[in-house]
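**Q** Spelled out from the first residue to the last, the chains are:
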Amino acid sequence: MEHIRAHVLICAGTGCASSGSKRVEAAMKRELAERGLDKEIKIVETGCHGFCEMGPLVIVYPEGVFYVRVQEEDVPEIVENHLYKGRIVERLLYKEPVTLEKVPNYSDIDFYKKQNRQVLINCGRIDPEKIEEYIAVGGYQALGKAVTAMTSEDVVEEVKKSGLRGRGGGGFPTGLKWSFTRKAQGDKKYVVCNADEGDPGAFMDRSVLEGDPHRVIEGMAICGYAIGADEGYIYVRAEYPLAIKRLKIAISQAEAMGVLGDNIFSSGFQFHIKIKEGAGAFVCGEETALLASIEGKRGMPRPRPPFPANAGLWGKPTNINNVETFANVPQIINQGADWYAAIGTEKSKGTKVFALTGKINHTGLAEVPMGITMREIIYDIGGGIQNGKKFKAVQIGGPSGGCLPEELLDLPVDYDSLISVGAMMGSGGLVVMDETTCMVDVARFFLNFTQSESCGKCTPCREGTKRMLEILTRITEGQGQEGDIELLETMAKNIKATALCGLGQTAPNPVLSTIKHFRDEYEAHIREKRCPAGACSKLVGYTITSNCKGCGLCKKVCPAEAISGTVKEQHQIDPDKCLKCGACMAKCPFKAISKG
Amino acid sequence: MKTIEDLKRLREQVQSDTRLRYTTGTKIIIGMGTCGIAAGAREVMSAVLDEIAKRHLQDVTVTQTGCIGMCEKEVLLDVVRPGEDRITYGKVTPELVPQIIAEHVVNGRILEELVVGKFSE
Numbered sequence: 000m001e002h003i004r005a006h007v008l009i010c011a012g013t014g015c016a017s018s019g020s021k022r023v024e025a026a027m028k029r030e031l032a033e034r035g036l037d038k039e040i041k042i043v044e045t046g047c048h049g050f051c052e053m054g055p056l057v058i059v060y061p062e063g064v065f066y067v068r069v070q071e072e073d074v075p076e077i078v079e080n081h082l083y084k085g086r087i088v089e090r091l092l093y094k095e096p097v098t099l100e101k102v103p104n105y106s107d108i109d110f111y112k113k114q115n116r117q118v119l120i121n122c123g124r125i126d127p128e129k130i131e132e133y134i135a136v137g138g139y140q141a142l143g144k145a146v147t148a149m150t151s152e153d154v155v156e157e158v159k160k161s162g163l164r165g166r167g168g169g170g171f172p173t174g175l176k177w178s179f180t181r182k183a184q185g186d187k188k189y190v191v192c193n194a195d196e197g198d199p200g201a202f203m204d205r206s207v208l209e210g211d212p213h214r215v216i217e218g219m220a221i222c223g224y225a226i227g228a229d230e231g232y233i234y235v236r237a238e239y240p241l242a243i244k245r246l247k248i249a250i251s252q253a254e255a256m257g258v259l260g261d262n263i264f265s266s267g268f269q270f271h272i273k274i275k276e277g278a279g280a281f282v283c284g285e286e287t288a289l290l291a292s293i294e295g296k297r298g299m300p301r302p303r304p305p306f307p308a309n310a311g312l313w314g315k316p317t318n319i320n321n322v323e324t325f326a327n328v329p330q331i332i333n334q335g336a337d338w339y340a341a342i343g344t345e346k347s348k349g350t351k352v353f354a355l356t357g358k359i360n361h362t363g364l365a366e367v368p369m370g371i372t373m374r375e376i377i378y379d380i381g382g383g384i385q386n387g388k389k390f391k392a393v394q395i396g397g398p399s400g401g402c403l404p405e406e407l408l409d410l411p412v413d414y415d416s417l418i419s420v421g422a423m424m425g426s427g428g429l430v431v432m433d434e435t436t437c438m439v440d441v442a443r444f445f446l447n448f449t450q451s452e453s454c455g456k457c458t459p460c461r462e463g464t465k466r467m468l469e470i471l472t473r474i475t476e477g478q479g480q481e482g483d484i485e486l487l488e489t490m491a492k493n494i495k496a497t498a499l500c501g502l503g504q505t506a507p508n509p510v511l512s513t514i515k516h517f518r519d520e521y522e523a524h525i526r527e528k529r530c531p532a533g534a535c536s537k538l539v540g541y542t543i544t545s546n547c548k549g550c551g552l553c554k555k556v557c558p559a560e561a562i563s564g565t566v567k568e569q570h571q572i573d574p575d576k577c578l579k580c581g582a583c584m585a586k587c588p589f590k591a592i593s594k595g
Numbered sequence: 000m001k002t003i004e005d006l007k008r009l010r011e012q013v014q015s016d017t018r019l020r021y022t023t024g025t026k027i028i029i030g031m032g033t034c035g036i037a038a039g040a041r042e043v044m045s046a047v048l049d050e051i052a053k054r055h056l057q058d059v060t061v062t063q064t065g066c067i068g069m070c071e072k073e074v075l076l077d078v079v080r081p082g083e084d085r086i087t088y089g090k091v092t093p094e095l096v097p098q099i100i101a102e103h104v105v106n107g108r109i110l111e112e113l114v115v116g117k118f119s120e
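Read top to bottom, the protein sequences are chains B and F.
Going by numbering that gives the first Met the number 0, the first sequence opens with residue 0, and the numbers climb by one from there.
Going by numbering that gives the first Met the number 0, the second sequence opens with residue 0, and the numbers climb by one from there.
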């Protein structure tokens, strides 16, 4: 028997895999074998560690040394110096962006220090393709406890008492939802996991499925026991191939182990899970459209009531929750509702996972207690704005949410406070924008997204979002008219009030919230035909300043032959011919071209 | 797996697969500077790993460190039991390893005659 003295954890989540972690892993295997260290050092392939920006990530235990941006060619040095001689490879350590201090241990990095990782606790720490690793850290204990020591009513009560609210966006109390399905009449009931993560900038569900799939399966099985269902579906978009692969492995391992299937823990409870791959339509994240899609129909919503709790999949009572919601359940059962309810704010309990993207230094996943301020998330965890630029706004909740300006950064982040300022939690995507982002253009971007993703069933959404998009496009192109803002507001209110499902009802939110907080930018576009952020290409002009050395490079790259001038003399741009493509500015070695 | 007791048994069995990532137990630290390696640190480390495996010790981690300047006393091996002083043993050979592990790591009795340094962390 051999003793393993070190574990080398290599992130194999989608983020790190795309920056080369598979090659790092292969090199590590080779190098350890060559040095004869392969018997005492184990390589563990893990799910996402959340710090995607810094990937590929390699963590060496027991020390917990955290290496970032590791490439294939760095591997021999790690093996020789760290794993053989015990010398940390300093150049691969993470450097704090402000202090430039190197931080060897990952728990000391600011990005992790302010987090409270409960849902993500195993992500990046266990091998998601081995059920034994999940069991070793306490996996399936909650399911065992629920089915052998609790009645189904007890389980529902425990979840109710915990205060857990749906993490998919709406924030409906989970225990209450479970009790509706539990009470519903029907011989057959279903549990559905909504893993159709469609918000631009959101990837927390994918990371949980990739990094800790058993946790979601366990949460679903507990829900099945609580509501009296024997079958579950995971609806996951086909764009998440790694998540699907790992879910399949996890389900078959759980079945082989007997924690999923018939007569679980000899309790008589049975539960089976199937995977349904969605085609990646945003509307299929809406619960009634999702159910139609599982049934093999076109993914379109239907009016509610009846709610899925009473008439869901094939007309049977069905409980639908999001991935993160289910992932919260095992620890509520294990550690108790009171433990859970002690985290967070009065009306929003527990933690929330946010996906940080945009112009922020640390893009990635961060799990924080509810009630933390947006400023803490962006500056303390996210490391602030890239390239020292100024913060302008943060879009929270994807296309259904809204933009928050600087003045609202100290707002505690929970379901109700966000709604009070015209945004919403949504699934937890945070897109950070800096001073170079045009807020009218952002509204146009999100509306373009919802307009393309509208299923077309109801008129307000199909036609209304199209008209709104036309107006926004016109404004960004300098064709805005007096009254456009008021017209957008009226249309937004009508669409919100009359659309059939959540997609349509929330589609105008980005427009309304940008008008509310950045009305002056709309007015500048309409009245002065000017884009204050310098982002709308039709409203921006390029000029050549006196820094010009007359090198002629700009003239060569201009596709429209808009630049003229003789060598060694200042060139000029003809604004009528200029396409505003920016090619000249990118090429100029003297920074002699200005945009404005 | 039929019962919750089966799950508990399995959990205990497989815990060693991940414990290293959460451990809070005893640390054995071996000096792997050039001086240490020249004096036979690698052989000492192998002996440590063998002994831990033989005794099925669960909550013990083995890490390495560089030269601390006492090259003359290499191979240096430190033992840190949770909440106790860090004890540095000098001139450690593979033959001494079973004794250090049995006496100090398992039973908490410091082998004073081999100690070259002590300090509180």
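Don't read these hints as lab results, they were simulated from the structure.
Treat the hints with care, as some may be off.
[Said to hold, decoys possible] Derived pair list, reagent style DSSO-like, types lysine-lysine, alpha-carbon separation capped at 27 Å:
(1) LYS388/B <-> LYS465/B
(2) LYS1/F <-> LYS41/B
(3) LYS101/B <-> LYS7/F
(4) LYS7/F <-> LYS112/B
(5) LYS187/B <-> LYS1/F
(6) LYS144/B <-> LYS53/F
(7) LYS7/F <-> LYS41/B
(8) LYS101/B <-> LYS389/B
(9) LYS84/B <-> LYS90/F
(10) LYS129/B <-> LYS90/F
(11) LYS1/F <-> LYS273/B
(12) LYS273/B <-> LYS53/F
(13) LYS41/B <-> LYS53/F
(14) LYS528/B <-> LYS101/B
(15) LYS528/B <-> LYS548/B
(16) LYS90/F <-> LYS247/B
(17) LYS38/B <-> LYS26/F
(18) LYS84/B <-> LYS7/F
[Claimed, not checked] Here are some, though not all, of the chain F residues that point toward chain B, as calculated from beta-carbon distances under 10 Å:
(19) ARG18
(20) LYS90
(21) THR92
(22) LEU95
(23) ASN106
(24) ILE109
[To be verified] To be clear about the criterion: a stretch of chain F counts as covered by chain B if any three or more of its residues have a C-beta under 8 Å from a C-beta of chain B, and this derived list gives those stretches:
(25) 6-12
(26) 67-81
(27) 97-105
All of these numbers come straight from a predicted model, not from anything done at the bench.
Glycine included, every Cβ here is placed at the ideal spot set by N, Cα and C.
**Q** Each of the hints needs a verdict: does it hold here or not?
**A** Cross-check of the supplied hints:
The straight-line distance between the Cα atoms of LYS388/B and LYS465/B is roughly 34 Å, outside the 27 Å bound, and the hint therefore fails. Proposed proximity of LYS1/F and LYS41/B is contradicted: the alpha carbons are some 31 Å apart, above 27 Å. With a C-alpha separation of about 41 Å, the suggested pairing of LYS101/B with LYS7/F is violated against the 27 Å cut-off. Between LYS7/F and LYS112/B the CA atoms are separated by roughly 32 Å; this puts the pair beyond 27 Å, and the hint is violated.
With a C-alpha separation of about 25 Å, the suggested pair LYS187/B and LYS1/F falls inside the 27 Å cut-off, and the hint holds. Our distance criterion of 27 Å between C-alpha atoms is broken by LYS144/B and LYS53/F, whose separation comes to about 35 Å. The straight-line distance between the Cα atoms of LYS7/F and LYS41/B is roughly 24 Å, inside the 27 Å bound, and the hint therefore holds. Using a Cα cut-off of 27 Å, the hinted pair LYS101/B and LYS389/B holds, with the two alpha carbons roughly 25 Å apart.
Between LYS84/B and LYS90/F, the direct Cα distance comes to roughly 18 Å. Compliance with the 27 Å bound is thereby established for this hinted pair. A distance of roughly 42 Å separates the Cα atoms of LYS129/B and LYS90/F; the hinted pair therefore is violated under the 27 Å criterion. Only pairs whose Cα atoms come within 27 Å are accepted, and LYS1/F paired with LYS273/B is accepted, the gap being roughly 22 Å. The hinted pair formed by LYS273/B and LYS53/F fails the criterion: a straight-line CA distance of about 44 Å is larger than 27 Å.
At roughly 19 Å between alpha-carbon atoms, LYS41/B and LYS53/F fall within 27 Å of each other, so this suggested pair holds. With a C-alpha separation of about 48 Å, the suggested pair LYS528/B and LYS101/B falls outside the 27 Å cut-off, and the hint is violated. Between LYS528/B and LYS548/B the alpha-carbon distance is near 31 Å, which puts this suggested pair outside the 27 Å criterion. Restraint check: the Cα-Cα separation between LYS90/F and LYS247/B comes to about 53 Å, which exceeds 27 Å; the hinted pair is violated.
Restraint check: the Cα-Cα separation between LYS38/B and LYS26/F comes to about 20 Å, which is no more than 27 Å; the hinted pair holds. This hinted pair does not check out: LYS84/B and LYS7/F have alpha carbons roughly 38 Å apart, beyond 27 Å. The criterion of a C-beta within 10 Å of any C-beta in chain B is met by ARG18/F, whose closest approach is roughly 8 Å, and the hint holds. Nearest Cβ of chain B to the Cβ of LYS90/F: about 19 Å, over the 10 Å cut. The hint is violated.
For THR92/F, the shortest C-beta to C-beta distance to chain B is roughly 19 Å, which exceeds 10 Å, and the interface hint is violated. The beta carbon of LEU95/F comes no nearer than 18 Å to any beta carbon in chain B, farther than 10 Å, and the hint placing it at the interface is violated. Interface hint status for ASN106/F: violated, as the beta-carbon distance to the closest one in chain B is roughly 19 Å, over 10 Å. A least Cβ separation of about 22 Å between ILE109/F and chain B goes past the 10 Å threshold, and the interface hint is therefore violated.
A count of 3 residues in the region 6-12 of chain F with a Cβ less than 8 Å from any Cβ of chain B is obtained; the coverage claim is therefore met, three being the minimum. Only residues whose beta carbon comes within less than 8 Å of a beta carbon in chain B count, and the region 67-81 of chain F has 0; fewer than three means the coverage is violated. For the region 97-105 of chain F, the proposed coverage by chain B is not satisfied: 0 residues have a C-beta within less than 8 Å of a C-beta in that chain, short of the threshold of three.
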